[in-house]
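Novice: Protein chains in written order, with the working numbering: chain Y, 5 to 118; chain C, 108 to 221.
In case anyone wonders, no lab produced these hints; they're calculated from the structure. As the structure is a prediction and not an experimental result, all values here were calculated from the model. Mixed in with the good hints there might be a few duds.
To be verified - Some chain Y residues near chain C, calculated using beta-carbon distances under 7 angstroms:
(1) 12
(2) 52
(3) 59
(4) 104
(5) 106
Claimed, not checked - Now the in silico label distances, taken between C-beta atoms and shown as ranges:
(6) C:110 - Y:81: 25 to 31 angstroms
(7) C:116 - Y:64: 34 to 40 angstroms
(8) Y:87 - C:149: 33 to 39 angstroms
(9) Y:58 - C:123: 45 to 51 angstroms
(10) C:149 - Y:100: 24 to 30 angstroms
(11) C:177 - Y:118: 32 to 38 angstroms
(12) Y:118 - C:135: 26 to 32 angstroms
(13) C:184 - Y:81: 39 to 45 angstroms
Unchecked claim - Keeping only pairs whose Cα atoms sit at most 20 angstroms apart, straight-line, the calculated DMTMM-like set for lysine to aspartate or glutamate is:
(14) C:220 - C:115
(15) C:156 - C:171
(16) C:220 - C:202
(17) Y:17 - Y:79
(18) C:156 - Y:105
(19) C:165 - Y:105
Heads up, the beta-carbon is just placed ideally off N, CA and C, and yes, glycines get one too.
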Amino acid sequence: ETGVTQSPTHLIKTRGQQVTLRCSSQSGHNTVSWYQQALGQGPQFIFQYYREEENGRGNFPPRFSGLQFPNYSSELNVNALELDDSALYLCASSPSGGALETQYFGPGTRLLVL
Amino acid sequence: AQSVAQPEDQVNVAEGNPLTVKCTYSVSGNPYLFWYVQYPNRGLQFLLKYITGDNLVKGSYGFEAEFNKSQTSFHLKKPSALVSDSALYFCAVRDVGNTGKLIFGQGTTLQVKP
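Based on the sequences and whatever the hints tell you, model everything.
Specialist: In structure tokens:
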């Protein structure tokens with residue numbers, strides 16, 4: 005196990021609702037990255053937070069937003085949920101935001117939008 | 108733009124036989140390459156990475172990967188497969204322009220039969 009935890013494990017929402025997913029990073033890590041993994045696909049990068057600042061973003065609309073807290077835990081917020089938002093959401097922590105750093109993943113939150 | 112390709116959706120091997128899971132990449136500049144494994148309903152587990160140096164990289168659980176610059180490949184290998192190696196394997200490359208971002212392949216399902 006990596007020491008990265010995510011909550012909740014599963015979630016069911018309806019279209020148009022809002023959702024908040026949480027991630028606690030591994031001890032000593034100050035960087036959290038979020039990914040969306042649709043069924044049968046590889047993970048897609050949403051964004052990364054380094055020391056409470058957004059440090060890069062993928063091709064996701066603004067209704068995907070995030071926060072990182074002083075203890076380096078993080079939240080992913082998704083507004084106006086769409087059916088296509090149904091996926092496994094993975095967070096990963098790393099010691100820093102550097103290109104050489106390994107990202108260690110949590111178990112994920114599976115979101116179903118009806 | 109950076110990308111990785113995993114040309115095989117599924118690889119089947121018999122227990123005890125060597126296994127290879129293929130990955131090719133396209134990057135501008137130095138490639139930073141990673142292999143992860145995903146078991147059902149779990150997050151991704153880090154296996155190994157190539158940053159620089161020896162072309163043969165050793166990782167967790169007896170896995171290794173061979174970096175070949177001329178063929179732009181980074182194939183995952185193991186000398187003797189175990190049934191417990193059956194899982195979904197992802198190759199990834201670091202995005203040079205967005206250093207927090209890992210770009211994943213579509214994944215290859217490895218099936219090891221007794």
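Novice: Each hint should be assessed against the structure and marked as holding or not.
Specialist: Comparing the hints with the structure gives:
no. : hint                              : result
1   : 12                                : 14 angstroms, violated
2   : 52                                : 3 angstroms, holds
3   : 59                                : 5 angstroms, holds
4   : 104                               : 5 angstroms, holds
5   : 106                               : 6 angstroms, holds
6   : C:110 - Y:81: 25 to 31 angstroms  : 29 angstroms, holds
7   : C:116 - Y:64: 34 to 40 angstroms  : 26 angstroms, violated
8   : Y:87 - C:149: 33 to 39 angstroms  : 25 angstroms, violated
9   : Y:58 - C:123: 45 to 51 angstroms  : 48 angstroms, holds
10  : C:149 - Y:100: 24 to 30 angstroms : 25 angstroms, holds
11  : C:177 - Y:118: 32 to 38 angstroms : 50 angstroms, violated
12  : Y:118 - C:135: 26 to 32 angstroms : 42 angstroms, violated
13  : C:184 - Y:81: 39 to 45 angstroms  : 41 angstroms, holds
14  : C:220 - C:115                     : 18 angstroms, holds
15  : C:156 - C:171                     : 9 angstroms, holds
16  : C:220 - C:202                     : 36 angstroms, violated
17  : Y:17 - Y:79                       : 17 angstroms, holds
18  : C:156 - Y:105                     : 10 angstroms, holds
19  : C:165 - Y:105                     : 17 angstroms, holds
Checked against the numbered hints above, the structure violates hints 1, 7, 8, 11, 12 and 16; every other hint is satisfied.
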